[in-house]
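Asker: What follows is each chain in one-letter form.
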Amino acid sequence: MVGVLRHLARPVWQGAGRLTTPLLPDDFLTVVDPLWSARWPAGRVEVVRAETADATTLVVRVGRGWSGHRAAGQYVPVGVAVGGVLHWRTYSITTPPDGSGRFAITVRAIPDGRVSTHLAHRARPGETLRLGPVQGDFVLPDPPPARLLFLTGGIGITPVVAMLRALALRTGCRPDTVLVHSAPDADRVVFGGELRAMAARESGFTLYEHHTRREGRLDRARLDALCPDWAERETWACGPDGLLAFAERAWRDADARHRLHLERFRLPSLAAPGSGSGGHGGRVRFTRSGVETDADSATPLLDVGEAAGVVMPSGCRMGICHSCVSPLSAGRVRDLRTGDVHGEPGDLIQTCVSAACGPVHIDL
Amino acid sequence: MAAALALAQPEADAFGQELDRIRAEVLAERGAEDARYIRTLITVHRALEAGGRAALAVSLLPPAWLAGTAMLTTAKILENMELGHNILHGQWDWMRDPAVHSTTWEWDFPTPAAAWKHTHNDLHHTWTNVVGRDRDLGYVALRMSEDQPWHPVHLLQPLYGGPLLAPLFEWAIALYDLEPEAVVQGRKSVRAFLGDLAGMARKAARQFTKDYVLFPLLAGPSALPCLLGNLTANVTRNIWAHTVIFCGHFPAGAESFTEDEIEGESRGEWYVRQALGSANIDGGPLLHILTGNLSHQIEHHLFPDLPSNRYAQIAPRVRKLCEKYGIPYTSGPLPRQYASTWARIWRLAIP
Ligand SMILES: Cc1cc2nc3c(=O)[nH]c(=O)nc-3n(C[C@H](O)[C@H](O)[C@H](O)COP(=O)(O)OP(=O)(O)OC[C@H]3O[C@@H](n4cnc5c(N)ncnc54)[C@H](O)[C@@H]3O)c2cc1C
Ligand code: FES
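Chains S and W supply the protein sequences, listed in that same order.
Every letter in the first sequence is one number past the one before it in our numbering, and letter 281, counting from 1, is 281.
With positions in the second sequence counted from 1, the corresponding number in our numbering is that position plus 1000.
What the hints contain is simulated information worked out from the structure, not anything from laboratory work.
Note that the structure is a prediction, hence the values are computed from the model and not measured.
Just so it is clear, CB atoms sit at the ideal spot from N, CA and C, and this is done for glycine as well.
There could be a bad hint or two in this list.
Listed below are several chain S residues computed to face chain W (Cβ distance under 8 Å; list not exhaustive) [to be verified]:
#, residue
1, 5
2, 6
3, 322
4, 325
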């Protein structure tokens, strides 16, 4: 019966499309409830819960367009309208996949962070978020290894808490699990209460909190003391750049780099300060055409592309007609009219009034 | 003809800088409120369209026919101008929402959005009212400027320029966007033309089937009134769009230019030309929304990519600036502007 219905749904939908053309039936559904849209997958914030002074958990109910997630530890691109503008950021899902039609993320507000301050401080139940397809390989194998170590810092606990929650749901034999978590102090441990309760309840789970205010940064000696067999454990690490750099070094020195799995919350190349602010241009790559060329900071990317033989859409060439808008896939650009430097992956930029500001990838 | 183009370049540039400041202010303020405006309008359109279709499905009942036709007509007018025209201009691209974006939007018009964006956003807005450059100056078929050469066929323009053109406006635009005359003049290859023609035909077929076959069939016993309701909605939208658009550049006061006049034009001078070549329609908020804010044609031509809901706000300042620099600001109520446009069509029909 269900199979028959599914068989019928397609032609019915296509027929409906003949009636709504040039719009799609989806365009009508989405104004009734964004969660009904399959074209622009969306979710609605159901619960907002403060975890610490600057971290907030959002429970999101997903719409029919969302493809779901595969394993604890993965992350989801979230589209958030801030000041009317849609911004995309990725957040680790903190709940294991459970078929409930809901997931949770926990966001820590970064000072001046456009999206994180909104989600952590201003989001309210009822707010609609766009959702992208879940991604990420920072997951446990199935079955999990017999002994494992989690090394986390700050908000980097998020993918790991999803794994811990998934492990706690497992029936039968659970792995011997150690979590070394670094945070400024006990109050700032996101999920502190839950983790401590879990450690008290589960015999196979050991929690070490490392409080940097008092003890300074985590180092090799401290790690040896907390978890002497760390190099033999399959390890998942997530946290600030400093912690991950330390882990990479330590595990490499111990010849155990292959046992260390890392999750970064920002790409080191794009995070480097100054990479987007200098007055010079950069190398421009037109990803679909496979063309690479150098650009200075005063020449519109439209001219740069054309000079390199890329088929560039264009029109007025003076910033008014938007015939030239193209997807930016990496890097930042300078608006030649205002001097503003802007750009996030996925932005549609006007190539005729944008110049390269550091290395740039354009999806043309 | 364009007397005020004689404005010295430094003055024109000062005028341009003041306009740039207005633009910058709007950009700085643009935000959640504006986004809410366009999203509300999209919701209103979809509700009116769905309501209109539903009522027309039972339009054997006269009140249903009236209500359905009125809703569908309003929906089509909103969809065409305040939504389609303005979204395709990129006025809402700043929201970064691919669902409301100039590169993805498609409208309820036979001409594909891409074809229209080329002839309108690019050619018309860049070369506004320049004889020989702006095809919209008479749409190749009409003589709307003394600087355009006269042909005997123009004797008939009072006939084909209005009574024939207006009800069929959507189809005329579809043909026009194919740039058939460019093929004759060798500026467009036959191959490109045929490709565009096929694209237009595909879309037009879907448009036609929807309004004149599928919805009437679904209406069963109400098939005929439903078809007539759809026809009324399309024709009314066409006549309205034709009226608004003709009042935008052709009433007395809206000037045209020659290619010589715009040689080496600076950004400031471009602004001056846009102000001189456009004309506004006076009216209240409802009129502005129904014209897609093309009643603020001057503001639209100065800032084609500012969100339309902001034109009314900046119009008084633009008008003051024009006064300050001695640039005529052409504006009047709809009947007057329309009569004035027709006077021009008649006058230029003869040599
Ligand atoms: C795979 C993945 C998973 C993630 N999971 C989570 C999560 O579970 N919870 C969570 O809170 N965040 C998570 N993030 C980070 C998140 O995607 C955003 O980068 C973060 O919320 C900042 O966005 P923003 O708009 O507030 O900052 P922006 O306005 O983009 O930046 C403001 C300033 O903060 C700096 N900055 C940007 N990102 C970071 C960062 N991650 N750390 C420190 N400084 C930064 C910028 O350089 C800039 O100076 C994850 C990122 C990735 C790639
Ligand atoms: S080509 Fe016109 S906006 Fe870029």
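Asker: Would you check whether residue 322 of chain S satisfies its interface hint, that is, whether its CB is within less than 8 Å of any CB in chain W?
Answerer: holds, 3 Å
Asker: Would the hint on residue 6 of chain S stand, with a C-beta cut-off of 8 Å toward chain W?
Answerer: Violated. Min distance 24 Å.
Asker: Is the shortest C-beta separation between residue 325 of chain S and chain W less than 8 Å?
Answerer: holds, 6 Å
Asker: Does the closest beta carbon of chain W sit nearer than 8 Å to the beta carbon of residue 5 of chain S?
Answerer: This hint is violated: residue 5 of chain S lies away from chain W, its Cβ roughly 22 Å from the closest one there, beyond 8 Å.
This entry does not satisfy hints 1 and 2, going by the numbered hints stated previously.
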